[in-house]
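Chemist: Here is what each chain is made of, one letter per residue.
2 protein chains.
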Amino acid sequence: MDTVEKLLDATERRIRQNGYHAVSFRDLADELGIKSASVHYHFRRKEDLGKAVVERYSKRFFEALDNAPDPLAAYCDVFEHALKRDEAICLCGVLGAETRGIPDDVAAEVKRFFEDNLAWLTNHLGDIGNAAMALSSLEGGMMIAQSLDDYSIFDRVRAELLSKAAQ
Amino acid sequence: MDTVEKLLDATERRIRQNGYHAVSFRDLADELGIKSASVHYHFRRKEDLGKAVVERYSKRFFEALDNAPDPLAAYCDVFEHALKRDEAICLCGVLGAETRGIPDDVAAEVKRFFEDNLAWLTNHLGDIGNAAMALSSLEGGMMIAQSLDDYSIFDRVRAELLSKAAQ
DNA sequence: GTCTATAATTTGATAGAC
DNA sequence: GTCTATCAAATTATAGAC
Numbered sequence: 002m003d004t005v006e007k008l009l010d011a012t013e014r015r016i017r018q019n020g021y022h023a024v025s026f027r028d029l030a031d032e033l034g035i036k037s038a039s040v041h042y043h044f045r046r047k048e049d050l051g052k053a054v055v056e057r058y059s060k061r062f063f064e065a066l067d068n069a070p071d072p073l074a075a076y077c078d079v080f081e082h083a084l085k086r087d088e089a090i091c092l093c094g095v096l097g098a099e100t101r102g103i104p105d106d107v108a109a110e111v112k113r114f115f116e117d118n119l120a121w122l123t124n125h126l127g128d129i130g131n132a133a134m135a136l137s138s139l140e141g142g143m144m145i146a147q148s149l150d151d152y153s154i155f156d157r158v159r160a161e162l163l164s165k166a167a168q
Numbered sequence: 002m003d004t005v006e007k008l009l010d011a012t013e014r015r016i017r018q019n020g021y022h023a024v025s026f027r028d029l030a031d032e033l034g035i036k037s038a039s040v041h042y043h044f045r046r047k048e049d050l051g052k053a054v055v056e057r058y059s060k061r062f063f064e065a066l067d068n069a070p071d072p073l074a075a076y077c078d079v080f081e082h083a084l085k086r087d088e089a090i091c092l093c094g095v096l097g098a099e100t101r102g103i104p105d106d107v108a109a110e111v112k113r114f115f116e117d118n119l120a121w122l123t124n125h126l127g128d129i130g131n132a133a134m135a136l137s138s139l140e141g142g143m144m145i146a147q148s149l150d151d152y153s154i155f156d157r158v159r160a161e162l163l164s165k166a167a168q
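Heads up: the sequence lines are chains Z and X, in that order. Sequential numbering of the first sequence, starting at 2, is according to the numbering used here. Sequential numbering of the second sequence, starting at 2, is according to the numbering used here.
Worth flagging that the hints you see were computed from the coordinates, not collected in a lab. Backbone N, C-alpha and C define an ideal beta-carbon position, used for all residues, glycine too. None of the hints are false.
Derived DEER-like restraints, expressed as beta-carbon distance ranges:
| no. | chain 1 | residue 1 | chain 2 | residue 2 | range |
| --- | --- | --- | --- | --- | --- |
| 1 | Z | K36 | X | S37 | 27 to 33 Å |
| 2 | X | R45 | Z | R45 | 35 to 41 Å |
| 3 | Z | A74 | X | K60 | 39 to 45 Å |
| 4 | Z | S39 | X | E64 | 51 to 57 Å |
| 5 | X | A74 | Z | D10 | 43 to 49 Å |
| 6 | Z | K36 | X | A74 | 55 to 61 Å |
| 7 | X | S164 | Z | L163 | 14 to 20 Å |
| 8 | Z | D150 | X | K60 | 20 to 26 Å |
| 9 | X | A166 | Z | L163 | 17 to 23 Å |
| 10 | X | D78 | Z | D10 | 39 to 45 Å |
| 11 | X | E88 | Z | A167 | 33 to 39 Å |
| 12 | X | K60 | Z | R45 | 44 to 50 Å |
| 13 | X | E56 | Z | I129 | 34 to 40 Å |
| 14 | Z | K36 | X | D28 | 28 to 34 Å |
Make the full structure from the sequences, and use the hints.
Modeler: Structure follows, in structure tokens:
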């Protein structure tokens with residue numbers, strides 16, 4: 002795997018666990034066994050790296066939703082995977098909470114992620130109210146599960162969403 | 002108003018808008034027209050300040066819920082006020098997203114806030130599934146509304162919560 | 001309670017050799 | 001593409017005068 006990909010991996014994990022401002026070029030370099038100047042070679046500014054991470058995250062997110070037989074269940078699955086496999090919340094959930102404190106072009110990319118999510122959900126669920134509830138509760142449920150260090154609140158959110166949708 | 006109260010105000014606003022790591026003693030001092038050494042006189046370490054802010058926030062939050070005739074509507078109101086009057090999301094929503102990247106004692110105070118919220122909601126709504134949905138969707142709805150710079154998603158969440166509760 | 005002064009560390013970023 | 005070396009700025013925090 003090339004350095005760029007490794008940098009994107011390490012940055013995504015660190016932002017998702019600690020927040021944008023808790024990620025430094027030196028820490029990333031140490032993790033990869035290189036020097037911080039080499040990180041700057043691949044991404045001149047920190048916001049270039051941040052923007053690239055969000056773009057890759059968003060692309061992968063929607064690819065994982067392709068051709069799902071049950072859209073809402075598939076949608077919940079993607080978030081559940083992100084939470085339990087990676088032991089971290091949604092990248093855009095972290096960055097959205099820090100919106101005003103991060104560079105404008107990174108915040109713009111996060112905004113686009115949420116707009117695309119609402120469009121996808123509205124398209125597949127047919128109702129924008131249900132779309133708003135699904136996105137908000139899953140994002141909030143991840144954040145609270147992380148704070149409590151207990152996934153059960155996320156599981157309850159998922160169960161409620163699917164049971165109310167079946168009515 | 003004394004310096005401690007002014008510091009708590011400024012810190013709360015800055016964390017809620019930008020995140021924990023985007024708040025510095027110098028910025029706080031500048032806002033109050035004092036020097037950063039004077040901030041350290043009142044709060045020796047940054048985590049002492051952070052913990053005090055969460056404690057005050059939590060105390061005020063539950064005071065605002067006292068004696069509400071309609072618990073769920075009152076609960077939504079508190080979050081709506083926080084979002085629209087302060088033009089910022091929930092303090093613990095920001096800190097919860099940064100959980101692993103902030104000092105342990107601050108994270109512990111945030112965890113307690115969410116535990117208390119779930120207990121209050123479960124007590125007043127009677128069902129822990131509804132409690133999980135209310136807390137998660139309101140927290141998530143605030144965060145996404147901030148990212149989109151558009152409150153309508155929060156308003157939809159609120160409307161959905163109240164209409165589903167009435168069924 | 002606030003100040004000046006300062007320490008020690010970390011940060012994002014660049015220049016130029018290899 | 002990675003390195004050494006370095007910079008300017010910012011950070012948390014402390015000592016001691018007033």
